[in-house]
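Chains A and B are the protein sequences, given in the same order.
Numbering-wise, the numbering used here puts 62 at position 62 of the first sequence, and it's gapless, one number per residue.
Numbering-wise, the numbering used here puts 213 at position 98 of the second sequence, and it's gapless, one number per residue.
No wet-lab data here; the hints were simulated from the structure.
None of these values were measured; they are calculated from a predicted model.
Wrong hints could be hidden among the right ones.
[What the hints assert, rightly or not] Straight-line Cα separation of at most 30 Å, DSS-like style, residue types lysine-lysine; simulated pairs:
| no. | chain 1 | residue 1 | chain 2 | residue 2 |
| --- | --- | --- | --- | --- |
| 1 | A | 97 | B | 173 |
| 2 | B | 227 | A | 97 |
| 3 | B | 176 | B | 186 |
| 4 | A | 57 | B | 227 |
| 5 | A | 97 | B | 176 |
| 6 | B | 164 | B | 227 |
| 7 | B | 176 | B | 164 |
| 8 | A | 57 | B | 184 |
| 9 | A | 97 | B | 184 |
[Said to hold, decoys possible] Just a few of them, taken from the derived set where beta-carbon distance is under 10 Å, the chain A residues facing chain B:
| no. | residue |
| --- | --- |
| 10 | 4 |
| 11 | 8 |
| 12 | 33 |
| 13 | 35 |
| 14 | 93 |
| 15 | 95 |
| 16 | 103 |
| 17 | 106 |
For every residue, glycine included, the Cβ atom is placed at its ideal position computed from N, Cα and C.
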Amino acid sequence: DTGVSQNPRHKITKRGQNVTFRCDPISEHNRLYWYRQTLGQGPEFLTYFQNEAQLEKSRLLSDRFSAERPKGSFSTLEIQRTEQGDSAMYLCASSAKEGAIYEQYFGPGTRLTVT
Amino acid sequence: AQSVSQHNHHVILSEAASLELGCNYSYGGTVNLFWYVQYPGQHLQLLLKYFSGDPLVKGIKGFEAEFIKSKFSFNLRKPSVQWSDTAEYFCAVIGGNTGKLIFGQGTTLQVKP
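This is chain B alone, in the form it adopts within the complex (with noise of 0.2 Å):
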């Protein structure tokens, strides 16, 4: 069965730090993948895509993933985080064409301004 695992549920950094968010996923095909975004009081949204093509894969407001087949990897990174970007991040998949998307249990960043 296709599963999503991320590592961390609740990361704590000082503006300016630099984010890694881990996700694994788990699934032997050809898989899209998904970094969701929901910030406090707001509705899921969509911060990058992967679907084919060049492993790094840039978003919306500075951030950018990347997939790493060998390794069933899609993390997230940011080179320097905002106030703003405190958040609940979650990692997603789509298997094959099924087109639901499977979650992981998502991580909570705080921000410290």
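This is chain A alone, in the form it adopts within the complex (with noise of 0.2 Å):
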């Protein structure tokens, strides 16, 4: 399979816990994204990288969500002392440029539940 994939699929951990989630982008792919998704809304921008270097970072990433991209293939998400608002399905995409825009491919996601 040549698509983005995520591990874990599923995570349960408790309040206060340290989780990383792993996201392996589309071979080639220079653009690497995380998005948070909660139950019916849509997905909301995290981060972004662009080879290894973090190009953008949203205001809902917290002190405590930490993103690496060592070496431009594969990024981690890090989220320390977790907390119940943290549940959510984060999602990684993965892009490169397509004529004039980046198209971006979405991975299954990894679904994390704090209690």
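Both chains are given apart, each in its own frame, so use the hints to dock them into the complex.
Given below as structure tokens:
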């Protein structure tokens, strides 16, 4: 399968614990995005990378969230000291420039439940 | 700030009925517009996109959308829906060079056989 993959697909954790999610983009896609989606809402942008550089972070991304993309390949999203409000689907997307725009391809997401 | 508004949160149609889902965006500059679909249990997939040229865009599975700049709208249409079109539909915009997608809140479409 050559699509975007995310691991784990589901994560249940207790409040206060740290969690880390991984995203593997489509090979050779230089842009990688993280979004968060809660029930009944559209995905909300969190951050994105071009190669290994983190170019933009949303105000939604509090100090407890950190994302990395070492070597410009896979990316990790870590949430420290999780809170119940962090429960959501975390989506990853990757893109490469096609013509004038970057078309984003989404992974299946990691569903986080904080108890 | 950029935003996207989808008028209908939940639409129920019978098979063969025509579909139109409304989408309005707020952004004054050049925009790239998208419709994504999420079938039950599957990940987001691109239905169609607009970035320039003909404002009537055709996508997969018989869907089309029309960009009306004066109305800041990008409505999704399909002449005859099928049960398999049951899904959640999201309108999204990329504003300028940011690269990030701004999504609407989504419309759940339920097609009755």
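Restraint check for residue 97 of chain A with residue 184 of chain B, where alpha carbons must lie at most 30 Å apart = Answer holds: residue 97 of chain A to residue 184 of chain B is near 24 Å, not above 30 Å.
ask   = Does residue 35 of chain A pass the interface hint, meaning its C-beta sits closer than 10 Å to a C-beta of chain B?
value = Holds: closest Cβ of chain B sits about 8 Å from residue 35 of chain A, inside 10 Å.
request  = So, residue 103 of chain A near chain B? Judge it on the closest CB pair being under 10 Å.
outcome  = Hint holds; residue 103 of chain A Cβ to chain B Cβ min 7 Å, cut 10 Å.
ask   = Holds or violated: residue 97 of chain A with residue 173 of chain B, Cα cutoff 30 Å?
value = 21 Å, holds
inquiry  = Tell me if the straight-line CA distance from residue 164 of chain B to residue 227 of chain B falls inside 30 Å.
reply    = OK: residue 164 of chain B and residue 227 of chain B at ~27 Å, within 30 Å.
inquiry  = Does residue 4 of chain A hold up as a contact with chain B if the rule is Cβ-Cβ below 10 Å?
reply    = Because about 8 Å separates residue 4 of chain A from the closest Cβ in chain B, which is inside the 10 Å limit, the hint holds.
Chain B contact restraint for residue 106 of chain A - C-beta distance below 10 Å = Check passed: Cβ of residue 106 of chain A comes within 4 Å of chain B, closer than 10 Å.
query = If you draw a straight line from the CA of residue 176 of chain B to the CA of residue 186 of chain B, is it 30 Å or shorter?
reply = 26 Å, holds
request  = With chain B as the partner, please determine if residue 95 of chain A meets the hint condition of a C-beta pair closer than 10 Å.
outcome  = Holds: closest Cβ of chain B sits about 8 Å from residue 95 of chain A, inside 10 Å.
task = With chain B as the partner, please determine if residue 33 of chain A meets the hint condition of a C-beta pair closer than 10 Å.
result = This hint holds: residue 33 of chain A lies near chain B, its Cβ roughly 7 Å from the closest one there, short of 10 Å.
ask   = Are residue 57 of chain A and residue 184 of chain B close enough, with their CA atoms no more than 30 Å apart?
value = 29 Å, holds
request  = Assess, step by step, whether the Cα of residue 176 of chain B is no farther than 30 Å from the Cα of residue 164 of chain B, and give holds or violated.
outcome  = Since the Cα atoms of residue 176 of chain B and residue 164 of chain B sit roughly 14 Å apart, the hinted pair holds (cutoff 30 Å).
Consistency with the previously given hints fails for numbers 2, 4 and 11, ordered from lowest to highest.
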